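A.B. asks: Sequences are here, hints too, so could you generate the full structure?
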Amino acid sequence: MNAFTIDALLATAAPENQALGAPDRISMTYRDLREQVDATVIALNGAGVGRGDRVAIVLPNGPEMASAFVAIGAGATTAPLNPAYRADEFRFYLDDLGARLLVVERGSDSDAVAVARELGMGIAELFVPEGAPAGRFELEIVEEPAASDALQTGRAQADDIALVLHTSGTTSR
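With this note's numbering, the residue at position 34 of the sequence shown is 34, and numbering never jumps.
Because the hints were derived from the structure by calculation, they are not lab data. Predicted, not measured: the structure shown is a model, and the values here were computed from it. Ideal Cβ positions, reconstructed from N, Cα and C, are used throughout, including at glycine. There are no misleading hints in this set.
Computed spacing ranges between beta-carbons, pair by pair: (1) Ala-14 with Gly-120: 40 to 46 angstroms; (2) Asn-17 with Ala-84: 30 to 36 angstroms; (3) Phe-127 with Pro-15: 24 to 30 angstroms; (4) Asp-96 with Gln-152: 19 to 25 angstroms; (5) Ala-84 with Pro-15: 32 to 38 angstroms; (6) Leu-151 with Ala-13: 27 to 33 angstroms; (7) Asn-82 with Glu-118: 15 to 21 angstroms; (8) Asp-88 with Ala-8: 35 to 41 angstroms; (9) Glu-143 with Ala-11: 30 to 36 angstroms; (10) Asn-61 with Asp-95: 23 to 29 angstroms; (11) Ser-148 with Asp-24: 38 to 44 angstroms; (12) Pro-129 with Ala-13: 19 to 25 angstroms; (13) Asn-82 with Phe-4: 25 to 31 angstroms; (14) Glu-140 with Asn-17: 27 to 33 angstroms.
C.D. replies: See the structure below:
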């Protein structure tokens, strides 16, 4: 295992130590986070999304955003987008990314969902099981992404891109 992968970094933490927390919620341990990574990579691969595929995340700040960021990056390329973007901004970023899957909260009315449908992307809804520790989530694939002939399953390797982060810069894009 290379020291420059998410798996390698998570392996250095004591399993019982706190990885994520939130007020009035049970803390997520590193063991829990590693289990979340396992479940997420399996769910993504099952939906035909793998290493090298870009997954846009449109979630509010919180422990589930943090764990989704890590878990998706362990098996695909994660690309967080600002939930406050308007439809034209989502259209630009989702198209520019070439994202195959959009992850939103269950029941989201974000403009990102309509834009993802226009672009023919897959859509996954993230939800938190009752009583789950901070950061624990499940993904439900509500719209399958288009099939890919180049699916690379399993965990990201050291040469894979874990994150694409757009900045507004001088162009406001």
